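Student: Residue numbers (my numbering), protein chains in the order written: chain A, 1 to 722; chain B, 1 to 279.
Derived by calculation from the structure, the hints in this document are not laboratory data. Model, not experiment: these values are computed from the prediction. Fair warning: there could be bad hints in the mix.
[Claimed, not checked] Derived lysine-lysine pairs resembling PhoX-like cross-links, with alpha carbons at most 20 Å apart: (1) B:K169 - B:K223; (2) A:K261 - B:K24; (3) A:K674 - B:K24; (4) B:K169 - A:K357.
Chain residues, written in single-letter form:
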Amino acid sequence: MESYMRKTTLFLAGALLLLLFCPQPGRAQATGRISGRVTDARSAEPIPGANVMIVGTVLGANSDPDGRFSINSLDAGSYDLRVSAVGYKPFLRKAIAVSARAVVQMAVALEPTLIETGEVVVTASKRRQSIEDSPTSVGIMSHRDLEQKNQVYLDRALESASGVNFVGGQINIRGSSGYNYGAGSRVLMLIDGVPVMPGDSGDIKWSMVPASQVDHVEIVKGAGSALYGSSALGGVVNVITKNAEVRPVTHLRLSAGFYDKPLYAAWQWTDRLLHFDDIDVDHSQRIGASHLMLALGRHQTTGYAQNGWYQRVNALCKWQRQLSSRATLTLSSHYETNNNGTGLMWRSQSEALAVAKEALGDRVKSDKFGLNLFHRWAASEKFALNTRVSYFRNFWKNYFHDNLNASQANRIGIEVQGDYQFSNLNSLTFGTEEAWDIVTSGLVGDHHQYVVSGYLQNERKILSSLSLTLGARYDLQKVDTGFKDENLSPKVGLVWHAAPWLSLRGSSGSGFRAASMSERFSNSVYSGLQLVPNPDLKSETAWSHEIGANLLLLPVLALDLSGFRSDYWDLIEPEPTVTQEIRFVNVTRARITGLEASLQLRPGIRGLSLETGWTWMDPRDLDLDATLAYRPRHISQTTLLYSIGPVEASADYRYVARLDKVKLYPLEDRVAQKTLDLHLTWHYRQWSLGGHVNNARNHAHTQMERTLQPIRNYMLTLSGTI
Amino acid sequence: MKPFLASALLALLLLACNDESGIKPPTQVSGFSGTITFSGAWPQDTDQIRLAAALKFPPSTIADILLGDALPTGVDSITYTFYTQPVTLQAVGVVWKEKEQAWDATNIIGYYFPTENHLSPGGVTVSRKDEIVPDIDIACDLTKVKRAVNSAIGGKLRVQGSWPAGATKVVVAASTAPVLPSSLLDLTFSFPIDAGFDSTRYFIPVQPGTYKLVAALVIEEGKPIGMESIKGAYYSFSGIKIKTAETQELGIDLTLIFPPGRLLAGSALGASRRTAALH
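Produce the entire structure from the sequences given, and follow the hints as far as they go.
Tutor: Dropping the structure here:
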């Protein structure tokens, strides 16, 4: 392992030097350029963020806030240009003749559609593609959706995504995760394509990047290990942070609010007004040939429940530089410092917002820091090389009445990915990824592990309207104890654009999750329970299958339907040993089958839209021939939005069925989760003033036992651009 | 602006209507209540005590135990109410936790005994959602606390004959009582072992002291635990001496005899003292 570390350190240092100081080769031969402006065909307003691609190449660009774009270094020849933007019909111009040393100017006027189609995603295939071309279901939460939901952190916002629910803070995509005590996640989280799962706990830290610093979120449903490796057992959440803008601009968001009284007087644990406030500011500035974006946020609350307070500061920095006409370098970092109270469970159902007396004053202090270097070099029109070097550090220390554990997890990763576009009918994505986790922890001891992997994916149009995707990834994990685990994760996908109004998709893919260090090595007393290690834990594995159809039934109505089945083997669960200690073991064989439907309706009444999703699941524990614990049978989300002039009103309703089975306190009351959030926003020039009521009906429910979800709260938000 | 006035009115209407279909404080409470009395001095290293109710006795895993809230320490007696949904409990006791150690469900300092038979714990049945079963009184002996030690008694368990059809678990208990134990509190138990083995090992973490009896009890479905549960035993007049918290006697082998012959006749029934590793 040490030799791997030395080699890796040298390799990383070399790669960094290469990226930073190697001059990017200029083009030997004279080239041309396609430039232009993307506008709304009706209003003539510029469309920022439109996706501009040269068909059959790896070259492309996004339009800037003025709608302008430029694609440089094109060899003389004929090109097809495709432009797409959310809410507009895609634009295709064929056979654009480009000459050496010439600039082709294009005016692209996009026709608006009532239904939002044409989203471009990067997560499903590790390259830019239209969402309709993805063989697996992908959900998108756009920046506008995030603004509309007005949630400070992504976990609350993602509750509104179709097929997603949370149990005890752990994300479930189509029931994949259940609840595994915060040790490891069956959904992989990426920030700008880089995994950010701490090596010790292997779970997701949702407070790392507040929603205000996020451009959009992509949610890939089903096993995604064929491209992403460990943890992508049930899906992938890729958080794409805001990019620097080309002109100096400052965004400000201020919000404050307070919690209502609990529904029942018996639950009131204090006479104080319980409140929260958030300040977020970001600034973009051009510095020479570079673009820089700095974002800062401060978030604090008293909490609605005893010990529910927190004080957090987040920072995000993104620096982008065009090294040459075909090479870009992006350096980004995110940081969070957090001090929060913690109370695992309520004192009793009679005092549901109070924590156990002995836990009063328990708190956790934590710091998270991520640094990513991304280099993209289009070596030719057909081939691009993407290099990511990343560092992620997570530190936490418990100040509990019975526990002063601390842990520090460092993760170093490097990924080199090639995109080869043989033609507009055939593309190849391939790469290699290495990661080192080094952990020093009072809970798991001092350990390190190493993962090396390689992946390959080919997407080919076998008919003009039928695409086939084949791919596989190999992962080798080595732990310092000598434990070794190998996983091969293949996938196959088909997309058939059967008619302009109908796309059909089908996919099968395998996934796995290597045990986290806390599952493998925990050897400590935690919450009064003795945890004992199991260093030889195998990886959990899964196969996900899906068929789906996307139907544009009317210009105002779109429907997406899918049926899915996921089989799981060796799910890792905590089990009491015969000596009444807790040990994580590979136990459960499970299967989840289900149906999912989402509907988008824009009836043409100005500003009115309805989006709704429903997921039905049958989660089975095949070993016990029983329902799988912590999975609901039904999940549903609905957003109704109405806007007129400068005023916008919206309502979000979420329903998660009562959990049929739980493990910790099965005798206690359980109910369905029903949450209604109301929003009213007034836009004036570049400013917005919003009033929000979350959990407007004050419905009292838990995600898991003994943890009441937020009670009704009122919030005012002021946001704008300076 | 009419639609927005309508929206605002609708929102106010919604706000006026709380949704009371969710979790609510229990209006009907069920459980059991009683008084806990303490004898002996409170140990300095007491972290917590809690009421523990066992769905099965002896409990096989912590999933078989309902643990109550922390109870006051340093007192002579307390009255308590333990809230639970309607349920049948096979045993109720008070479990003691040492500072900086994990919970040990066998570290019981007092059981609920409804009769003079203190070798079998009393069960409690909460049958209705509005029922608090009264008088579940527990006498705790603080001299019976068990601290985390490395000292132990252990050995092999062998089987002679055929297992009874209803046998589920085997527990091995060691007693410091001068003759025969008169209470469960005189016994230190091993963790339960699944029945059905031909041969296996047992291990009882024990406090320093002299143990005169080591007995293997077979738990049978639907049968109460009592003297008839003992299917193999070792008895020594001089006793097994565990001198320090590091002493381990790991050669106390027992044979489970089905059906049992004589109990405790002579120095041992189905028992042999093979080796002893002393520290």
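Student: If a hint holds in the structure, say so; if it doesn't, say that too.
Tutor: Status of the hints after comparison with the structure:
1. B:K169 - B:K223: 12 Å, holds
2. A:K261 - B:K24: With a Cα-Cα distance of about 14 Å, the restraint between A:K261 and B:K24 holds, given a limit of 20 Å.
3. A:K674 - B:K24: 14 Å, holds
4. B:K169 - A:K357: 37 Å, violated
The structure fails to meet hint 4 from the earlier list, while all remaining hints are met.
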